[in-house]
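Chemist: Spelled out from the first residue to the last, the chains are:
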Amino acid sequence: MTEEFLKPLEEKTLAEKLFLLRFRVDGESHLILNKEVCWECDERVCLLICPSGVYRWDEGKKEVTVSYEGCLECGACRIACPQGAIDWKNPRGGFGVAYRFG
Amino acid sequence: MSDRYDCIIVGAGPAGIAAAYKLAGAGLSVLVFERGGFPGSKNMFGGILYSTILNRLIPEFWKEAPVERHVVRRRYSFLSKDSEAAFDLKFDAFNNPPYNHSFTVLRARFDKWFAKKAEEAGAVVVTEAVVDDFITEGERVQGVKVRMEGGTVYGDVVICAEGANSLLSEKIGMKKRPDPANMVLGVKEIISLPKGVIEDRFSLEDGEGAALEFFGEALGGEIGSGFIYTNRETLSVGIGCPISVLKEKGMKPYELIESFKRHPSVKNFLRGGKIEEYSARMIPEGGYDSLPALTRDGLLLTGDCAGLVNPSLYKEGTNLAMASGVFAADTVIEAKEKGDFSKATLDGYVKRLQESFVLKDLKRYRDVPATLHSVPGFFKEYPEGIMELLQGHFTVTEESKEDVHREIKRLFRDKVSIWRLVRDIYKLRRLIT
Ligand SMILES: Cc1cc2nc3c(=O)[nH]c(=O)nc-3n(C[C@H](O)[C@H](O)[C@H](O)COP(=O)(O)OP(=O)(O)OC[C@H]3O[C@@H](n4cnc5c(N)ncnc54)[C@H](O)[C@@H]3O)c2cc1C
Ligand code: SF4
Ligand code: SF4
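Chains A and B supply the protein sequences, listed in that same order.
Start counting the first sequence at 1; every next residue gets the next number (my numbering).
Start counting the second sequence at 1; every next residue gets the next number (my numbering).
These are computed hints drawn from the structure, not numbers from a lab.
What you are looking at is a predicted structure, and each value in this text was computed from that prediction instead of being measured.
A portion of the hints provided could be inaccurate.
Unchecked claim - Every beta carbon over 12 Å from chain A, so not counted as near; a handful from chain B, in silico: (1) E84; (2) T152; (3) D297.
Stated by the list, open to error - Straight line, CA to CA, 27 Å or less: simulated DSS-like cross-link-like pairs of lysine-lysine: (4) B:K145 x A:K89; (5) A:K62 x B:K247; (6) A:K7 x B:K267; (7) A:K62 x B:K252; (8) B:K252 x A:K35; (9) A:K17 x B:K112; (10) B:K252 x A:K17; (11) A:K7 x B:K81.
By construction, the Cβ of each residue, glycine as well, lies at the ideal position given by its N, Cα and C atoms.
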């Protein structure tokens, strides 16, 4: 076996991993937060649960931002949010993530 | 697209396509809606297709289907922080058809092929088509609303095969939004390596495959597991953990898969690899006691949206999905003959599920989800305790064996209460038997 395959697995950041994927991005978000509910929420499980880091806390605006463009469509945020504050729609047909392997 | 069909199917995964294939073969007009650009483009799973049902639908399918490898080697391992105890099985008999009905596959390729087979049988598969709602008249489901022009389509009956993220099933009231304890989040990477390296590293012949499952420190000592499955020229590497556990322990899924890959007993399987894809999906693992309503007038739920996954060590979903699709189709064919699509007739589907391995197995393993949550030691103290015991036993010293054994027993008891161990082993027997 050549040396090449004895080297450690390559390291990739989350951003680099997402860069490997094909996304067809729609102009409109398929994830809508109920802002009033989120305003009151102190758990913010969405920030933790999303495997794609779609939800971020904006310290300036004091609100959760949603980068729906990088959503893997797993649906975990909808299940995890204790308040049911995420209106989760399927992206438009053919839009969103497309796996090559799956 | 005419505007009335015998049967409308939502979702071109294993459940939906199995139903479509069967119905089209029986001469019914079938329309399948799939939201992805092609069937499979939205789908991911761990990696082992269990194929008893598929082999009934398409005998010797492996000769033409894009299967990666047939699984002959199974390895179960418990990890502590820096050690491993593994149980490794390899059966040469699984090299013969039907290959123990276990093949690694990649869903973007497999689902596409399977949908093509349904089309050849006469089903119409429409891609890039999101179903947003069922059309109802009173109790009875009459069709679906699709997000496209002229998107109102009627049918005698609708089979819902939308998968784990069951928006439609919830919207129409067949089930509630699932409990985070019953939904496992799976995160996976595809890692490429040359074919020869994979075969050498996992001790496989051409075409043979391995399935490795890791427990314990694979997930920081929490409920869940890590896996490595061999494909032809890639590995499927990932983790699965209940959403409730991720929440409680504050674990981020993308960090968890990184720490799994870095474990000393995992990393060498992956060396030299190149990351090709990153993906995430949910598995409904609530089992028998969290099944939704499966039928109503004009509607049947199949596959993951119906919660039909075996939550034990076997982790079967594909086979159950296909079986439910076939049973739904058989029931629809019967209903068509009778000209009656009421819930009473469609309940023939539930009866078929009950009489088959699908609900028999779900019933047999019904306590597994609750047990796992009630025996947290299984994933942390036990692996650590057992590993310490073994390490003590195998460490070479000049102490007498008797002294060594006394000392390691004491160490183990400090960690693990024997009574609790006995009780927990009793509880956990259902995981494998
Ligand atoms: C991480 C992970 C590992 C797994 N490992 C294994 C394993 O090793 N072996 C095994 O047997 N099972 C495994 N499973 C389970 C298995 O993947 C599922 O049980 C199986 O895919 C269920 O099939 P399905 O047809 O019900 O749903 P899915 O395969 O999810 O298919 C649903 C389809 O419906 C489409 N759809 C959804 N909503 C709409 C809509 N509104 N309109 C149009 N189309 C829609 C989707 O795009 C998708 O194509 C695993 C699952 C995961 C997540
Ligand atoms: S989406 Fe849910 S978890 Fe996230 S901030 Fe809003 S209410 Fe909280
Ligand atoms: S569906 Fe999954 S990937 Fe998309 S935002 Fe929710 S948790 Fe993140």
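Chemist: Please verify whether K252 (chain B) and K35 (chain A) have alpha carbons no more than 27 Å apart.
Modeler: 23 Å, holds
Chemist: Do the alpha carbons of K17 (chain A) and K112 (chain B) lie within 27 Å of each other, as the hint requires?
Modeler: Holds, at about 24 Å.
Chemist: Within 27 Å, alpha carbon to alpha carbon, are K252 (chain B) and K17 (chain A)?
Modeler: 16 Å, holds
Chemist: Test the statement that T152 (chain B) is away from the interface with chain A: the closest C-beta pair must be farther apart than 12 Å.
Modeler: Label holds. Min Cβ-Cβ 15 Å, cutoff 12 Å.
Chemist: Please work out if K7 (chain A) and K267 (chain B) have their alpha carbons no farther apart than 27 Å.
Modeler: 10 Å, holds
Chemist: With the threshold set at 27 Å, check whether the alpha-carbon distance from K145 (chain B) to K89 (chain A) stays at or below it.
Modeler: Holds: K145 (chain B) and K89 (chain A) sit about 14 Å apart, inside 27 Å.
Chemist: Holds or violated: K62 (chain A) with K247 (chain B), Cα cutoff 27 Å?
Modeler: OK: K62 (chain A) and K247 (chain B) at ~22 Å, within 27 Å.
Chemist: May I ask you to check that E84 (chain B) keeps its beta-carbon over 12 Å from the closest beta-carbon of chain A?
Modeler: Its Cβ never comes within 12 Å of chain A, the nearest being 18 Å, so this holds.
Chemist: K7 (chain A) and K81 (chain B): Cα distance at most 27 Å?
Modeler: Holds. K7 (chain A) to K81 (chain B) sits at ~22 Å (cutoff 27 Å).
Chemist: Is it correct that the beta-carbon of D297 (chain B) has no partner in chain A closer than or equal to 12 Å?
Modeler: 25 Å, holds
Chemist: Take a quick look at whether K62 (chain A) and K252 (chain B) sit within 27 Å of each other, Cα to Cα.
Modeler: Measuring from Cα to Cα gives roughly 22 Å; hence the hint holds.
Violation of the numbered hints given earlier is absent; every hint is satisfied by the structure.
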